[in-house]
Amino acid sequence: MNAVEVLRRLAEEKPLVHHITNYVTVNLVANVTLCTGALPVMAHSAEEMEEMEGLASALVLNIGTLDSRQIEAMLLAGKTANERDIPIVLDPVGAGATTLRTRTAERLLSELRVAAVCGNAGEIATLAGLSAEVRGVESLTGDAREAATQAARALGVTVAATGPTDYVSDGERLLAVENGHLLMGRVVGSGCASTAAVGCFAAAGGADPETVAAALAYFGRAGEVAAGKADGPGTFEPRFLDALAALADDPAGVEGSTQIKELKRG
Amino acid sequence: MNAVEVLRRLAEEKPLVHHITNYVTVNLVANVTLCTGALPVMAHSAEEMEEMEGLASALVLNIGTLDSRQIEAMLLAGKTANERDIPIVLDPVGAGATTLRTRTAERLLSELRVAAVCGNAGEIATLAGLSAEVRGVESLTGDAREAATQAARALGVTVAATGPTDYVSDGERLLAVENGHLLMGRVVGSGCASTAAVGCFAAAGGADPETVAAALAYFGRAGEVAAGKADGPGTFEPRFLDALAALADDPAGVEGSTQIKELKRG
Amino acid sequence: MNAVEVLRRLAEEKPLVHHITNYVTVNLVANVTLCTGALPVMAHSAEEMEEMEGLASALVLNIGTLDSRQIEAMLLAGKTANERDIPIVLDPVGAGATTLRTRTAERLLSELRVAAVCGNAGEIATLAGLSAEVRGVESLTGDAREAATQAARALGVTVAATGPTDYVSDGERLLAVENGHLLMGRVVGSGCASTAAVGCFAAAGGADPETVAAALAYFGRAGEVAAGKADGPGTFEPRFLDALAALADDPAGVEGSTQIKELKRG
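These protein sequence lines are chains A, B and C, in that order. Everything in the first sequence is counted per numbering that gives the first Met the number 0, starting at 0 for the first residue and increasing by one. Everything in the second sequence is counted per numbering that gives the first Met the number 0, starting at 0 for the first residue and increasing by one. Everything in the third sequence is counted per numbering that gives the first Met the number 0, starting at 0 for the first residue and increasing by one.
Simulated from the structure, these hints should not be mistaken for lab results. Any given hint could be a false lead.
[Stated by the list, open to error] Below, in silico cross-link-like pairs of lysine-lysine (BS3-like), each with a Cα-Cα straight-line distance of 27 Å or less:
| no. | chain 1 | residue 1 | chain 2 | residue 2 |
| --- | --- | --- | --- | --- |
| 1 | B | Lys78 | A | Lys228 |
| 2 | A | Lys228 | C | Lys78 |
| 3 | B | Lys228 | C | Lys228 |
| 4 | B | Lys78 | B | Lys13 |
| 5 | A | Lys78 | A | Lys13 |
| 6 | C | Lys13 | C | Lys78 |
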């Protein structure tokens, strides 16, 4: 589905998107979800995972500040999501940096039926079994294009490797998204936030490469608009939320401004 | 007490307001507390609950991201607050959405002497035993006016059901607060933040319906000021904190701009 | 090292700074780290402490929302930091307010080799064994200058007592930093954020009094720049991040604007 279609559907349905996410960027992630047109809920308590998931239209798992209780909650919520057949979007933050993160991402991918994985080039390369350098939660090296295709093939899911150009693949198709702005890399959580946008789009339009690329194009387009009004990374963030909301309110504004290229047809 | 009186007292006394709250909106809640003139402290460790509460002038309990350890901390802090006779303000975030949240709100209300409950129409209706639809943490239906009165009667506390119009009742009196702006509903945490303002006002002026309504009017008035300077939900939030601080610094600015109507006298 | 030298080195090396910190100000702390030129990572899980620390160039411990699992993580990460000889910077948030906080700060200082301690006057006075009044996490009284010198002597580390004037001492030398703006005290987390800046500077330049004072001067200078563009505490925060990033991008802008006085030579 393209961005305009998804945004219209989001405005109409206001689906609940459940995030089990890190405490660093959780506020930004929630605001991005709300600005995009979905209703965010952040909940991590094992006691309410099944029930909360019963209300949700998508589940976003972000391992940015992982601990054992959170892993348990992710598995519980994920199982309910799978039973209800709602899409799970995984952001493997810091996979490749520590064993805990790499193993947890792998475990979630093995025990749950994940619909899409979104991460930076290093994280995605790690999951594809390619070599990569991840310093903390930042990717320092890695061929995003190759990583996306290889990981999608290895994992059998849609994979987005985000960066200056985002690459989205299901192992067959490969899409490149050119929207975005350098300032986005200077704000903590822009990766988490782009995964949240993918989660919202998945709630309304599924997680095929076209819809995932549309989410990233919408997200990147908002970044371009915001960068034109910001004086630095600090003023960028509020402007970015404004831009996301404005595009969601008037999806026609997205039309013609998305830069998605089909590099390889499936 | 009216808003001007409370804000003057806050500026003079700088009371400590202790929040046990969710990690999604905690930063906004703390900044709202500080801008309103109180000193915020966020602490949740069982080991320091009694001691921290011994320093506080109000306790705000927000169940937005609940887990078992947090419930224990809320009960410990609440008991000390009751012993010291300082007001407890409860925000039953997501009551009605999951059993954990509904039961925990009920448990806190049964085991502690709560002074005021602030929530959206659906959450308050749930606590009043009325039917309501709560999707995650958003209220989708519910008659806020009826919910506030019924819940206040059922629980024997001051209740605020917030929304486009806020209704405040102690079961006898019913006040309506018309201040506010639509943009507030597009920012994650404006509900939590309004409860924080009620907590600050309670620290200085108690939790009778007049003081709770004054807090919501002050809060809503800041929203009106901020909306005039914002381009969307992103730029709204910093403008909103500016407006809260400006009104707290010069409480005379609140006078004449609060729109509180007494719908029913006690 | 002076601020210009450190900022140039940070831009070149992009060191990883690991924070174990509170969930109230964690987003601001991460953004300050990124704007200053380092890569932030927030992680607290015991399972990944050694590994994450193996990648880091500095460790910042902030006890603002302490619990037992976090203390365990701090000790684990700290031991690895000590083995690898990377600097540990401690922010004893709320020391003096509750026994848990005072004892934990003391325990960290006794079990780990800490390079620098940064806190407000009341917190630092508490660690120096002087009398002080700390309400929650705010210092109400305390002679920052005396506290810094006494604490540095008692603890054998570099100590910064921050406030309208920041004092930095290693027990022998005493430096005063006059940069800053009153608005900084009206934003939640400016203390945590200044400690984060010290952590970044320590990653590139160590934790001697000159480098710590340089970090605080850089931080305060950004506050001055931001205050000139802000309408209140809300708009101050994004402007502040802009200013930090602009000074980090062009360190020459810091030169000539830092106000550091040597009050006592070692």
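Verification of the hints:
no.: 1; hint: B:Lys78 / A:Lys228; result: violated (50 Å)
no.: 2; hint: A:Lys228 / C:Lys78; result: violated (45 Å)
no.: 3; hint: B:Lys228 / C:Lys228; result: holds (15 Å)
no.: 4; hint: B:Lys78 / B:Lys13; result: holds (23 Å)
no.: 5; hint: A:Lys78 / A:Lys13; result: holds (23 Å)
no.: 6; hint: C:Lys13 / C:Lys78; result: holds (23 Å)
The structure is inconsistent with the numbered hints 1, 2, although it conforms to all the rest.
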